[in-house]
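Trainee: Could you build the full structure based on these sequences and the hints that come with them?
Residue numbers (this note's numbering), protein chains in the order written: chain A, 1 to 255; chain B, 1 to 187.
What the hints contain is simulated information worked out from the structure, not anything from laboratory work.
Just so it is clear, CB atoms sit at the ideal spot from N, CA and C, and this is done for glycine as well.
A few of these clues could be false.
If you anchor each label on the Cβ, the simulated ranges turn out as follows [to be verified]:
#1 B:93 - A:48: 29 to 37 Å
#2 A:57 - B:23: 30 to 38 Å
#3 A:48 - B:136: 17 to 25 Å
If you want a taste of the chain A side facing chain B, the calculated C-beta under 10 Å gives, among others [as the list claims (entries may be wrong)]:
#4 15
#5 19
#6 58
#7 140
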Amino acid sequence: MTRSKSDDNSALLVHAYLDGELDPANALSVAQQIDKEPALAAEAERVKALQQSIRERLPREEAPPGLRSRIEASVGGLRRDRTGPSWRALAASIALTAIVTSSSTWFMAGSQQQPTMIADVLVSDHIRALMAPEPVDVISSDRHTVKPWFNGRITSAPRVVDLAKEDFTLIGGRVDVVDRTPVSTLVYRRAKHLISLTAIPAESRFELDKSPRTVSGYNVVQWVENGVSYWAISDLEAKQLEDFARLFRTSKTEL
Amino acid sequence: MRLVASNPPELVSGLDDNARFRSIVMPHIDEAYRLAQWLTGNRTDAEDVVQDASIRAFRAIRNFAGGSARSWVLSIVRNTAYSWLRKNRPAEVVTVEDLEAVELQQANPGDRSSGTPEAALIAKTDAEQLRAAIAALPSPFRETLVLRDIEGLDYREIAQATEVPIGTVMSRLARARHRLIATIGKE
Chain A
1 MTRSKSDDNS ALLVHAYLDG ELDPANALSV AQQIDKEPAL AAEAERVKAL QQSIRERLPR
61 EEAPPGLRSR IEASVGGLRR DRTGPSWRAL AASIALTAIV TSSSTWFMAG SQQQPTMIAD
121 VLVSDHIRAL MAPEPVDVIS SDRHTVKPWF NGRITSAPRV VDLAKEDFTL IGGRVDVVDR
181 TPVSTLVYRR AKHLISLTAI PAESRFELDK SPRTVSGYNV VQWVENGVSY WAISDLEAKQ
241 LEDFARLFRT SKTEL
Chain B
1 MRLVASNPPE LVSGLDDNAR FRSIVMPHID EAYRLAQWLT GNRTDAEDVV QDASIRAFRA
61 IRNFAGGSAR SWVLSIVRNT AYSWLRKNRP AEVVTVEDLE AVELQQANPG DRSSGTPEAA
121 LIAKTDAEQL RAAIAALPSP FRETLVLRDI EGLDYREIAQ ATEVPIGTVM SRLARARHRL
181 IATIGKE
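Mentor: See the structure below:
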């Protein structure tokens, strides 16, 4: 063994000794070595000084207050993966989603979409999303993640707003297909309730009266804003869903 | 060797997945967030990494077989952070080959002699200097030092969290500390 190797080994043992990782016999023998050899004693002093500086100068920052609730929100609706992390593959294969979704929309292949039919389709998409392993294809509470995800998947990036302060947590987004056109759907959560918010480039024929309506037990709130027709669908009470719509409309886009 | 706080499988086996997640993962969110912050270098990315890691942990919650829940959670955070870095900042990912080059360089006596400051000087380092010196460590050294000297994990827990043998933990830790000491000595 070379001199430097044995020095290195002694140094490692000094670190392990200071970290309380040695059994009593080895600890004693290292303590004696430190007493005898000034180089080891100096090493021990430096390591102790370093550990003390770190302990005293670097406060251990706690996780930001919203993080735990965001984690609980994003995990709350998940089911454990029984076969491995296939959700990543699922999230990556937007083509699959588009095909699966459009199979349900074949019947509306005609060019004149009636508003009530759009509501039916979107409610079906919402129900299907509730039954799927993930209600979203991109999971994130961060609008800066969700919005760019839509790039290249649909022609216009949706307006994404952060309503976490109002207790509507963004959990992600997915692409739905309406009238053979991929459209963006954002998914928000309040308590146990999911809200699917679909943005469809508006044409007048998509406009509905503003009164809330119900399709298959789900509340639907619809409005048009800046040339985009928005459809919010949820099992939330109508009043709360209207609150959500109002908050979404009035909050500034911060992107 | 210290005893490791553990959640024996029999205590959590009767729980549903959400309850398991709450008892295994949620107690370690602060550590997870700090490790992610040291690995990604900023708070926003750390939050994203912890959130993604939590989803991975939930999916794999039945794979937790007892032992240190903290090590298990931190190993997932660490893997998530490295996937995130590979995707978003591939230039910063340190491979094992890079690390060997680093260690060779570190073993070079010329490099070593450049700084062995007195303990008194080390004790005077300010927080910013210390933080910058730790941030500049190659990630395998950085994560080992953070887990030991900031989070207080023992060697066995660090070995589990970083998926290397205890001998590697020991040598990385010593090298990380020597580098910090040398950096502080230069300033």
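Trainee: Compare the structure with each hint and give your call.
Mentor: Checked hints:
| no. | hint | in the structure |
| --- | --- | --- |
| 1 | B:93 - A:48: 29 to 37 Å | holds, 33 Å |
| 2 | A:57 - B:23: 30 to 38 Å | holds, 33 Å |
| 3 | A:48 - B:136: 17 to 25 Å | holds, 22 Å |
| 4 | 15 | holds, 5 Å |
| 5 | 19 | holds, 7 Å |
| 6 | 58 | holds, 6 Å |
| 7 | 140 | holds, 7 Å |
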